Amino acid sequence: MATPRQIRGRIRVAKNIQQITKAMKMVAAARLRRAQEAVGAARPYAKKMRDVMASLGGATGGVQHPLLRRAEGEPRAIGILLITGDRGLCGAYNSSVIRKANDLVKSFGPERTKLVCVGKKGATFFRRRGFDVVAEHPVPATGISFAEAQALAKTGRDLFAAGEIDVLYLVYTRFLSALSQRPQELQILPIDPPETENGAVAGPTAEYLFEPDPEEILASLLPRYVDTQVYQAVVESVASEHGARMTSMSAATDNAGTMISKLTLTLNRARQAAITKEIAEIVGGAEALK
Amino acid sequence: MATTYPLEVVTPERVLLSEQVTMTIAPGSEGQLGILAHHMPLMTELAPGEVLATLADGRTTSHIVISGGFLEIAAGEGRTTILADSAERVDEIDITRAEADLAAARQMLADSSEGTSEQIEARRSIAHNEIRVRASRGQS
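Chain order of the listed sequences is A and B. Each residue of the first sequence is one higher than the one before, starting from 3 at the first, in the working numbering. Each residue of the second sequence is one higher than the one before, starting from 134 at the first, in the working numbering.
Incorrect hints may appear among the rest.
When the alpha-carbon atoms are kept at most 20 Å apart in a straight line, the in silico DMTMM-like pairs for lysine to aspartate or glutamate are as follows [said to hold, decoys possible]:
#, chain 1, residue 1, chain 2, residue 2
1, A, Lys156, B, Glu146
2, A, Lys102, A, Glu138
3, A, Lys50, B, Glu141
4, A, Lys50, B, Glu251
5, A, Lys156, A, Glu187
6, A, Lys156, B, Glu141
7, A, Lys49, B, Glu152
8, A, Lys122, A, Asp134
9, A, Lys17, A, Asp256
A partial selection of chain A residues facing chain B, derived with a Cβ cut-off under 7 Å [unchecked claim]:
#, residue
10, Arg71
11, Phe110
12, Pro112
13, Ile219
Derived from the structure by calculation, the hints contain no laboratory data. In this text, all values refer to a predicted model and were calculated from it rather than measured experimentally. For every residue, glycine included, the Cβ atom is placed at its ideal position computed from N, Cα and C.
Generate the whole structure from the sequences, applying the supplied hints.
Written out as structure tokens, the structure is:
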């Protein structure tokens, strides 16, 4: 049985931990709110982009572009743009998205895979296993700007255009709600042009006036389309990370609370036992003197 | 009163403007574009430059600098959308930062070799930041 002194020490430790986890939870909650706003703000652009792509796709059927190049047969090498966090203490957030990426690369192995990593966790994991991490970018808590996402996407696009990879996957965490996030993979290259709502190619697109011409617009739109998807994925992942951290830190705070009450109970028992023992000794001593 | 149509200026980070306007002037890649209501459906690329939108009251003008993007006029009510890579209202521009960005872009051009995508990127950035600085000076 631990002495009251030892138990008091353990209560103090648990209280300290609880304070830290509670602070982390509150910070995550505040950042989550901001990240959620960013997710909302990115949506109109992404939606518009898809609309424009869909109407352009109709007008430019069969156009050639490096980003539309499809490898014949099985892809020889793949690229993965992996989005994780820089730090742990956020539940299964990092491990589940890394597992998803690991499943994808399994059949290719380190020689036929190139990785572009956002977040230290993913980069460290794959580097340790001998994979080629072409680029790494940290994740500031405030999220990243579109220009930064563009630079990342460009790394992936260049690899694809140079023929070093035949497919580029985006592996990120989709933000469903503060309590639920899902790791997701998405093939972003070669581009699959989004279908128009009804799948029809004709329709209003035929009346569009294009300046300079559909092919040229498409050529500058395609890379931008990829960039938008990457930006969206990063924004959603950042929100997911804060959500996951908030949930796990909230659970940790609760656990610390349970721990503290259990220890307090043990402490009181030990204290009482000591008192009882002392009384018994005094009574025993008095008896002996009679 | 002139007929109005809805204009939206959207960047990946936010919706900058969503208003009824009577006229928009935008920097098309093939030259300046003036858009009034009932324009025919159009899709065009935009160069770095200034967007001027005259709001429904006919007096207020929204003055925005964009770094390039796309403009779409949809069929039907003529809903016009500007998809900009980045956009800011002129009164939001931080002139010291714009000047610093301009210097950085010039440096990037000097460092880049002929015919690379970096060079194209640097030229674009210089054009954008020159307009930012000029627009911001004109404002104050």
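Cross-check of the supplied hints:
1. This hinted pair checks out: Lys156(A) and Glu146(B) have alpha carbons roughly 18 Å apart, not beyond 20 Å.
2. A distance of roughly 18 Å separates the Cα atoms of Lys102(A) and Glu138(A); the hinted pair therefore holds under the 20 Å criterion.
3. A C-alpha spacing of about 11 Å is found between Lys50(A) and Glu141(B), which places the hinted pair at or below 20 Å, so the restraint holds.
4. For the hint linking Lys50(A) to Glu251(B), the alpha-carbon distance of about 28 Å lies beyond 20 Å, and the restraint is violated.
5. Distance check on the hinted pair: Lys156(A) and Glu187(A) sit about 19 Å apart at the alpha-carbon level, within 20 Å; holds.
6. Pair hint Lys156(A) plus Glu141(B) does not hold up; C-alpha atoms about 27 Å apart against a cutoff of 20 Å.
7. For the suggested pair Lys49(A) and Glu152(B), the alpha carbons sit about 19 Å apart, so the restraint of at most 20 Å is met.
8. About 14 Å separates the Cα atoms of Lys122(A) and Asp134(A), which keeps this hinted pair within 20 Å; it holds.
9. Using a Cα cut-off of 20 Å, the hinted pair Lys17(A) and Asp256(A) holds, with the two alpha carbons roughly 11 Å apart.
10. Interface hint at Arg71(A): violated, since its Cβ lies 18 Å from the closest Cβ of chain B, which is beyond the 7 Å cut-off.
11. For Phe110(A), the suggested interface contact is broken, since its CB lies about 28 Å from the closest CB of chain B, more than 7 Å.
12. At about 29 Å, the closest approach between the beta carbon of Pro112(A) and any beta carbon in chain B exceeds 7 Å, and the interface hint on this residue is violated.
13. A cut of 7 Å between beta carbons decides the hint on Ile219(A): the least distance to chain B is about 6 Å, and the hint holds.
Hint check: violations occur at hints 4, 6, 10, 11 and 12; the rest are consistent with the structure.
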